[in-house]
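As a plain string of letters, each chain reads:
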Amino acid sequence: MSVTILIPTALRSFVDRKSEVEVEGGTVGEALANLAAEYPDLKHQIYEDDVKLRGFVNIFVDGTNIKKLNGLETVVAAGATVMLVPAIAGGC
Amino acid sequence: MLKLTSQIEEEIRKAGAEAYPNECCGILIGSEEDGTHVVKALKPIDNARESGEQYHRFLITAEEMMQAELEVRRLGLEIIGFYHSHPDHPARPSDYDRDHALPFYSYIILRVAEGRSDMMTCWRLQTSREAFDSEPFEVQP
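Chains as they are written, first to last, in my numbering: chain A, 1 to 92; chain B, 1 to 141.
If you're looking for bench data, these hints aren't it; they were derived computationally from the structure. Computed from a prediction, not measured in an experiment: that's the story for all the values here. Built from N, CA and C at the ideal position, the CB exists for glycine as well. Heads up, some of the hints might be wrong.
[What the hints assert, rightly or not] Simulated crosslink set (BS3-like; lysine-lysine; CA at most 25 Å straight-line):
no., chain 1, residue 1, chain 2, residue 2
1, A, Lys67, A, Lys43
2, B, Lys43, B, Lys3
3, B, Lys14, B, Lys40
4, A, Lys18, B, Lys43
5, A, Lys18, B, Lys3
6, A, Lys52, A, Lys67
7, B, Lys40, A, Lys18
8, A, Lys18, A, Lys43
9, A, Lys18, A, Lys52
[What the hints assert, rightly or not] Stretch-level coverage of chain A by chain B, calculated; a stretch enters the list once three of its residues show a Cβ under 8 Å from a Cβ in chain B:
no., stretch
10, 22 to 31
11, 58 to 64
12, 72 to 79
[Unchecked claim] Some residues of chain B that are not near chain A, with every Cβ distance over 12 Å (derived):
no., residue
13, Glu11
14, Arg13
15, Lys14
16, Gln54
17, His56
18, Gln67
19, Pro87
20, Arg116
21, Phe137
22, Val139
23, Pro141
If we strip away everything but chain A, and leave its shape as in the complex, we get (with noise of 0.2 Å):
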């Protein structure tokens, strides 16, 4: 099924300059890992390794961070908002 990826404006290079990007995929994880089959580039922004996703992406579908749902593993629905979100820190 196909599920709607909304790109932060840091990570749009990597993805052709794109806001929202359509994907297949059942489960967030396969979303991503189809996202990052079809933009290389961007597979080594956003993961650690093959599937560790790096410490300051989160992921939020249709509003909700899949920390409080069931992590990669969440379920997506056909339609579904699947927004990538940096964390942003730093200080002196």
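Since the structure of chain A is provided, determine the placement of chain B on it from the hints.
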């Protein structure tokens, strides 16, 4: 290059002074025009770090970022960067800033010295993530 108005610059300076001795933080909203970031509005964010750490750390949670992202998309704008203050520290990025930054975004850093806003600088992280480059900025009336 980053462009902002004198009013927006003043808002950042005021936020830095008001948060002292803690760090302020917020989101730069605007657009990218031929590689230049044009700031059109600020979204001040409550520093989400533990109160005892806010004197040298800031955090914008994923939930805040998600809400901001939806908001700016509705307005047809983009998140183009962030600002934060360095209380009684130089206005240059720390190793901690580098470890937690992303390429593309503009990072404004405001030094606040003994409660008064001081030097303001702007930076972009290199794609290699090895260092920040100083980003020139232009304040327009």
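Status of each hint after checking the structure:
no., hint, verdict
1, A:Lys67 with A:Lys43, "20 Å, holds"
2, B:Lys43 with B:Lys3, "16 Å, holds"
3, B:Lys14 with B:Lys40, "17 Å, holds"
4, A:Lys18 with B:Lys43, "24 Å, holds"
5, A:Lys18 with B:Lys3, "24 Å, holds"
6, A:Lys52 with A:Lys67, "14 Å, holds"
7, B:Lys40 with A:Lys18, "21 Å, holds"
8, A:Lys18 with A:Lys43, "15 Å, holds"
9, A:Lys18 with A:Lys52, "24 Å, holds"
10, 22 to 31, "violated (count 0)"
11, 58 to 64, "holds (count 3)"
12, 72 to 79, "violated (count 0)"
13, Glu11, "19 Å, holds"
14, Arg13, "17 Å, holds"
15, Lys14, "19 Å, holds"
16, Gln54, "9 Å, violated"
17, His56, "5 Å, violated"
18, Gln67, "9 Å, violated"
19, Pro87, "7 Å, violated"
20, Arg116, "16 Å, holds"
21, Phe137, "18 Å, holds"
22, Val139, "22 Å, holds"
23, Pro141, "27 Å, holds"
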